[in-house]
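The lines below spell out each chain.
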Amino acid sequence: MTVAELCKQAGFKAEVLPDPDREISGVYIGDLLSWVMGRANSGDVWITIMSNNNILAVASLADTACILVAEDVALESELLKTAEEKGINVLLTDKSIYDAAVTISKLI
Amino acid sequence: MKELSLNILDIAENSVKAGASLTEITIEEDERFLTLIIKDDGCGMTEDILKTVTDPFYTTRTTRKVGMGLPLLKMEAEITGGSMEITSKSEKEYPDSHGTQVTARFCKTHIDFTPLGDVSASIVTLIQGHPDTDFLFTHKLPGKTVSLDTRELRQVLEGVPLNSYEIIKWIESYLDEQYQNQEESQ
Numbered sequence: 263m264t265v266a267e268l269c270k271q272a273g274f275k276a277e278v279l280p281d282p283d284r285e286i287s288g289v290y291i292g293d294l295l296s297w298v299m300g301r302a303n304s305g306d307v308w309i310t311i312m313s314n315n316n317i318l319a320v321a322s323l324a325d326t327a328c329i330l331v332a333e334d335v336a337l338e339s340e341l342l343k344t345a346e347e348k349g350i351n352v353l354l355t356d357k358s359i360y361d362a363a364v365t366i367s368k369l370i
Numbered sequence: 002m003k004e005l006s007l008n009i010l011d012i013a014e015n016s017v018k019a020g021a022s023l024t025e026i027t028i029e030e031d032e033r034f035l036t037l038i039i040k041d042d043g044c045g046m047t048e049d050i051l052k053t054v055t056d057p058f059y060t061t062r063t064t065r066k067v068g069m070g071l072p073l074l075k076m077e078a079e080i081t082g083g084s085m086e087i088t089s090k091s092e093k094e095y096p097d098s099h100g101t102q103v104t105a106r107f108c109k110t111h112i113d114f115t116p117l118g119d120v121s122a123s124i125v126t127l128i129q130g131h132p133d134t135d136f137l138f139t140h141k142l143p144g145k146t147v148s149l150d151t152r153e154l155r156q157v158l159e160g161v162p163l164n165s166y167e168i169i170k171w172i173e174s175y176l177d178e179q180y181q182n183q184e185e186s187q
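Sequence order for the protein chains is A and B. Mapping of the first sequence onto the working numbering: residues 263 to 370, in sequence order. Mapping of the second sequence onto the working numbering: residues 2 to 187, in sequence order.
Simulated from the structure, these hints should not be mistaken for laboratory data. Mixed in with the good hints there might be a few duds.
Stated by the list, open to error - In silico contact screen, one side only, chain B against chain A (beta carbon under 8 Å); selected entries:
hint	residue
1	K3
2	P72
3	L73
4	A122
5	V125
Stated by the list, open to error - Footprint (simulated), chain B over chain A, 3 or more residues, beta carbon under 8 Å:
hint	segment
6	287-296
7	318-330
Claimed, not checked - Straight-line Cα separation of at most 27 Å, DSS-like style, residue types lysine-lysine; simulated pairs:
hint	chain 1	residue 1	chain 2	residue 2
8	B	K170	B	K18
9	B	K3	B	K93
10	B	K93	B	K18
11	B	K40	B	K18
12	A	K348	B	K52
13	B	K52	A	K343
Just so it is clear, CB atoms sit at the ideal spot from N, CA and C, and this is done for glycine as well.
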């Protein structure tokens, strides 16, 4: 399943989607960025509630398929602009981290 | 990072990579605040580079000279309502007084404050990995100061490498003892 298909089927909001056809291979959940950096796998949907610019660098280093920001955390335009520039998919949902993960689990 | 002691290790490694002969690691703690200062006499940075070191994307290039260490430390300090600042003098511009100082201030009472963790282990790891450079470690706690100066050790040891097994074991227990005395005096 691609990130664009996930967005559509799960009802996640595509805040920035520069790479819609990226394949999803799994899910990783975490907010401690240094921890995520070493543990998220390439192709994962990374679910987090963190929303500063560092998450883009972490997603880029770990080569995740997209960042899914849960709990309707407010995203600043600066973050979205940088995500566009760096080609990083950023999705948003009002679901809790758990509910978002369950939703994805039913789809992939 | 999970513990501040891992940040300390990470930032101090930058100092060693910058060719520091002495890296000073200072932790000052009171009831409310923890201030971490890492100061080195390494090659330093020009103002242009200094501006970019907290930009996570500058640091994620394949040819990166520093890791995510500074952007993460800054974020962790700011999350607690604290701050981080870096000052640096490059060797080119200041041949006699070059080096870098990173200062991070944390509010310990904030719920998202990262625990300090095993700072002795970080200091020992640094000495073990870089026995030929010097470290001055000072941890100021209320009513007590824990410290270790590898320059002093070196004088006494007369050529015995600092990373030899017995010396490392001795450093571990030396730091442990100082921390234990701290607990007793409280």
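Results of checking the hints against the structure:
| no. | hint | verdict |
| --- | --- | --- |
| 1 | K3 | holds, 6 Å |
| 2 | P72 | holds, 5 Å |
| 3 | L73 | holds, 6 Å |
| 4 | A122 | violated, 17 Å |
| 5 | V125 | violated, 21 Å |
| 6 | 287-296 | holds (count 3) |
| 7 | 318-330 | holds (count 5) |
| 8 | B/K170 / B/K18 | holds, 25 Å |
| 9 | B/K3 / B/K93 | violated, 36 Å |
| 10 | B/K93 / B/K18 | holds, 17 Å |
| 11 | B/K40 / B/K18 | holds, 13 Å |
| 12 | A/K348 / B/K52 | holds, 20 Å |
| 13 | B/K52 / A/K343 | holds, 20 Å |
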